[in-house]
Amino acid sequence: MRPTSLPPVTTRISVHGDRPYDVLVGNGLAKHLPSLIGSAARTAVIFAPPLLDRAEAIARELPGPVLIEVPDAEAGKTVEVAARCWDALGAAGFTRTDAVVGVGGGAVTDLAGFVAASWLRGVPWVPVSTSLLGMVDASVGGKTGVNVAAGKNLVGAFHPPAGVLCDLDMLDTLPPEDLAAGMAEVVKCGFIADPVILDLVPAWRRNLRELVERAVRVKADVVGQDLREAGLREILNYGHTLGHAIERREGYGWRHGHAVAVGMVFAAALASLAGRLDREVAERHRVVLDSLGLPTRYAADAFPELLAAMRVDKKTRGSTLRFVVLDGLGKPGILTGPPEDLLRRAYAEVAR
Numbered sequence: 000m001r002p003t004s005l006p007p008v009t010t011r012i013s014v015h016g017d018r019p020y021d022v023l024v025g026n027g028l029a030k031h032l033p034s035l036i037g038s039a040a041r042t043a044v045i046f047a048p049p050l051l052d053r054a055e056a057i058a059r060e061l062p063g064p065v066l067i068e069v070p071d072a073e074a075g076k077t078v079e080v081a082a083r084c085w086d087a088l089g090a091a092g093f094t095r096t097d098a099v100v101g102v103g104g105g106a107v108t109d110l111a112g113f114v115a116a117s118w119l120r121g122v123p124w125v126p127v128s129t130s131l132l133g134m135v136d137a138s139v140g141g142k143t144g145v146n147v148a149a150g151k152n153l154v155g156a157f158h159p160p161a162g163v164l165c166d167l168d169m170l171d172t173l174p175p176e177d178l179a180a181g182m183a184e185v186v187k188c189g190f191i192a193d194p195v196i197l198d199l200v201p202a203w204r205r206n207l208r209e210l211v212e213r214a215v216r217v218k219a220d221v222v223g224q225d226l227r228e229a230g231l232r233e234i235l236n237y238g239h240t241l242g243h244a245i246e247r248r249e250g251y252g253w254r255h256g257h258a259v260a261v262g263m264v265f266a267a268a269l270a271s272l273a274g275r276l277d278r279e280v281a282e283r284h285r286v287v288l289d290s291l292g293l294p295t296r297y298a299a300d301a302f303p304e305l306l307a308a309m310r311v312d313k314k315t316r317g318s319t320l321r322f323v324v325l326d327g328l329g330k331p332g333i334l335t336g337p338p339e340d341l342l343r344r345a346y347a348e349v350a351r
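All the letters of the sequence shown, read from the start, carry residue numbers 0 to 351 under numbering that gives the first Met the number 0.
Since the hints were derived computationally from the structure, they do not count as laboratory data.
Each hint should be verified, as a subset may be incorrect.
Stated by the list, open to error - Here are the in silico distance ranges between beta carbons for each label pair:
1) Glu60 / Asp326: 42 to 48 Å
2) Thr335 / Ala307: 33 to 39 Å
3) Pro62 / Gly332: 43 to 49 Å
4) Thr10 / Glu282: 30 to 36 Å
5) Asp277 / Ser318: 37 to 43 Å
6) Ser318 / Ala40: 32 to 38 Å
Built from N, CA and C at the ideal position, the CB exists for glycine as well.
Kindly produce the complete structure, drawing on both the sequences and the hints.
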């Protein structure tokens, strides 16, 4: 808890590139919104029902606010919901200089960013993350999108925000299981780039701010070099190839962090069986994720369905599967076209 005699400290983490912006990490950050949206005359605040009070409080900081309520979580991340948002912007007379603010977890901010990217071919937007997952993953990097029947995030656009608010006060009321699920993306950053994160996990609640800042720095460094996922940015998908397939099989009823946790254990097993990763490092995945109460196993009979889903993953090139794997702690690489037998053997290590 912060001493009341000291003003809150805000950390600014810069995301470089063609359209640079800052990620703000701290407490009580809503006051920064007007400076981020600039001269906008109207602001659409897109939010899910559980966040009505927060959305209304944020709207009071903004010019000409228009509140747009959308379904919570992945249920709101559809083309149909995006179309409703576009209709609301049209009814309010939104122009290219107006702005969109997304208040919620990763699904809401992904949707808000996509609505902003597609309205008049792009208007300014700011994600205000209310979940740990949103802070360290969805809100940073400018990837926006919605889900379709063929898979997750297959329709979207690269549209960097004007800035990102990671207000740690938002985490105070987050359910423990959602907080833990968000840690999966933090752990991912530890394995691919910053192993110090893994050392902080045993006392993760006490170290939460440092963990958020470290994870954001990892992502900011990567996306600043590769906005459009032409090369380096692909490493951020560690654990996501199988993870997205699990989410699709579960009808998006599983938490994203849970699916990615299983996906990382699978990717580590795959790298180990391919002779690229020490068995000790591979096993550390399960130990770290188990300590957070995250799942590390999945249904034994699901492999054929998951394999079919992985074949339409964004990292697939033609008919060739590609997996982000590790060659050591903080040393990510790509495994291209592994034989199906190797995939089955790796899956056996996560099968119940």
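How the hints compare with the structure:
no., hint, in the structure
1, Glu60 / Asp326: 42 to 48 Å, "holds (46 Å)"
2, Thr335 / Ala307: 33 to 39 Å, "violated (19 Å)"
3, Pro62 / Gly332: 43 to 49 Å, "holds (47 Å)"
4, Thr10 / Glu282: 30 to 36 Å, "holds (34 Å)"
5, Asp277 / Ser318: 37 to 43 Å, "violated (31 Å)"
6, Ser318 / Ala40: 32 to 38 Å, "violated (50 Å)"
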